[in-house]
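*Asks:* This is what each chain is made of:
Protein chains: 2
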Amino acid sequence: MRTTPVPLQMYHRLSLYLNYLKQDSLKDAPYISATAIANELGLNDVLVRKDLAVAGKGGKPKIGYSRSELIADIEMFLGYNDSFEAVLVGVGNLGKALLSHKGFEDCGLKIAVAFDSNPELIGTQYKGKKILSSAKISDLCKRLNISIGILTVPAACAQEACDALVEGGVRAVWNFTPANLKTPESVSVKNEDMSASLAILIKLLTENLEKREPD
Amino acid sequence: MRTTPVPLQMYHRLSLYLNYLKQDSLKDAPYISATAIANELGLNDVLVRKDLAVAGKGGKPKIGYSRSELIADIEMFLGYNDSFEAVLVGVGNLGKALLSHKGFEDCGLKIAVAFDSNPELIGTQYKGKKILSSAKISDLCKRLNISIGILTVPAACAQEACDALVEGGVRAVWNFTPANLKTPESVSVKNEDMSASLAILIKLLTENLEKREPD
DNA sequence: TTAATATCGATATATCTTTATCGATAAATG
DNA sequence: CATTTATCGATAAAGATATATCGATATTAA
Numbered sequence: 001m002r003t004t005p006v007p008l009q010m011y012h013r014l015s016l017y018l019n020y021l022k023q024d025s026l027k028d029a030p031y032i033s034a035t036a037i038a039n040e041l042g043l044n045d046v047l048v049r050k051d052l053a054v055a056g057k058g059g060k061p062k063i064g065y066s067r068s069e070l071i072a073d074i075e076m077f078l079g080y081n082d083s084f085e086a087v088l089v090g091v092g093n094l095g096k097a098l099l100s101h102k103g104f105e106d107c108g109l110k111i112a113v114a115f116d117s118n119p120e121l122i123g124t125q126y127k128g129k130k131i132l133s134s135a136k137i138s139d140l141c142k143r144l145n146i147s148i149g150i151l152t153v154p155a156a157c158a159q160e161a162c163d164a165l166v167e168g169g170v171r172a173v174w175n176f177t178p179a180n181l182k183t184p185e186s187v188s189v190k191n192e193d194m195s196a197s198l199a200i201l202i203k204l205l206t207e208n209l210e211k212r213e214p215d
Numbered sequence: 001m002r003t004t005p006v007p008l009q010m011y012h013r014l015s016l017y018l019n020y021l022k023q024d025s026l027k028d029a030p031y032i033s034a035t036a037i038a039n040e041l042g043l044n045d046v047l048v049r050k051d052l053a054v055a056g057k058g059g060k061p062k063i064g065y066s067r068s069e070l071i072a073d074i075e076m077f078l079g080y081n082d083s084f085e086a087v088l089v090g091v092g093n094l095g096k097a098l099l100s101h102k103g104f105e106d107c108g109l110k111i112a113v114a115f116d117s118n119p120e121l122i123g124t125q126y127k128g129k130k131i132l133s134s135a136k137i138s139d140l141c142k143r144l145n146i147s148i149g150i151l152t153v154p155a156a157c158a159q160e161a162c163d164a165l166v167e168g169g170v171r172a173v174w175n176f177t178p179a180n181l182k183t184p185e186s187v188s189v190k191n192e193d194m195s196a197s198l199a200i201l202i203k204l205l206t207e208n209l210e211k212r213e214p215d
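Just so you know, the protein sequences line up as chains A and B, in that order.
Residues in the first sequence are numbered from 1 upward in steps of one, following my numbering.
Residues in the second sequence are numbered from 1 upward in steps of one, following my numbering.
Here are a few chain A residues that face chain B, going by a calculated C-beta distance under 8 Å:
#1 A172
#2 W174
#3 S188
#4 D193
No lab work stands behind these hints: they were computed from the structure.
Where is the CB? At the ideal position from N, CA and C, for every residue including glycine.
Let's have the full structure, built from the sequences with the hints guiding it.
*Replies:* Shown next as structure tokens:
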């Protein structure tokens with residue numbers, strides 16, 4: 001079985017670096033070291049250096065990396081300069097939260113339209129995005145050449161909506177439902193499972209409690 | 001540096017198993033094999049068996065594991081039987097989405113109250129949860145013996161809100177903002193960084209596109 | 001009752017990921 | 001101008017995680 005050539009975790013970290021590097025408080029710092037980033041984010045400095053070696057053009061001893069160059073390099077590496085068209089399915093609270101989220105555009109993600117099956121929402125707009133009937137998903141995705149589908153529907157409708165997206169030629173699904181989606185191999189799925197995250201949170205918590213109150 | 005004794009990823013997977021095992025379509029299946037779970041979730045069967053060996057009581061050759069027993073074992077292992085009191089800070093769309101989410105209760109998470117700084121929201125309720133002034137965070141957390149804080153405020157207020165939670169004795173923070181929170185060692189933080197997830201999604205997507213269109 | 005089969009559980013192996021070490025280098029300092 | 005210092009980059013080592021192999025076992029079928 002083939003595995004990922006470059007660790008997915010690294011992409012996660014690069015995004016963290018980017019976020020850190022863009023911080024207001026660093027606006028006047030022309031250079032920054034891997035050690036500093038590592039300390040700030042609680043990571044190992046060699047790890048940071050290795051990540052930056054993959055995504056960036058290299059730094060200078062004693063000085064570190066050019067902050068602006070590093071930002072540009074990471075954004076390039078993460079594909080934030082290419083633009084991807086997306087649609088969102090399910091305009092509930094979570095859907096609205098994602099539609100409101102400024103910052104996706106900076107990552108090259110453009111939400112073109114949203115879909116919902118609620119007649120009261122169909123035809124209206126939210127944050128400047130049109131809300132259309134879910135019946136039109138595949139047609140519209142084809143017409144607009146959409147590559148990403150964001151799923152924020154109830155779990156029970158998730159597979160159906162996903163199938164419509166796939167039918168519409170979408171190549172990646174960002175799944176915010178707990179459903180275990182089936183897609184053809186050519187369509188990637190990234191799951192954002194709240195329960196799974198919560199499981200880890202609770203684990204961290206209990207681990208932590210045990211540490212403090214040994215018995 | 002000490003690392004996690006039991007892989008965090010495992011907790012993530014256990015939650016997936018749980019979700020799968022509770023599926024309606026399996027309601028009449030008394031037994032289920034690690035192989036079946038692995039195939040369904042796209043994992044290695046030995047990996048699943050290893051996870052289940054840690055969390056469960058073991059299965060029978062040729063048959064598999066008792067589905068109901070497995071569910072109980074995993075829930076026990078994940079600490080879903082213990083109940084944790086939580087508060088949510090920031091009743092925007094995302095906050096509302098989380099307040100609406102049924103299913104946290106099944107995991108032992110009880111959101112006691114919510115906080116916001118918007119005067120129009122303060123004093124109202126959402127989904128049966130009272131919304132109080134953010135100024136009261138630490139006092140109330142102390143009084144109610146809250147152990148988990150859920151952060152769904154704008155990034156700019158994140159550290160401030162987090163400090164109030166820590167002051168209130170919270171032991172774990174579920175951070176839905178992109179802020180890089182500073183907490184004492186005794187307080188765990190679980191970050192849900194959208195940009196970082198998106199970075200991985202885009203990576204999966206482009207990887208996928210390259211596979212299909214080699215040049 | 002015997003043979004075939006699916007599965008578990010344990011052990012061993014491979015792979016992936018992170019951390020440690022060390023020489024080289026650019027700036028700062030005396 | 002030599003020395004010290006912080007950092008990079010490469011290589012090596014360690015550690016963690018996932019996969020493969022194999023004997024044991026319970027069920028099913030001949």
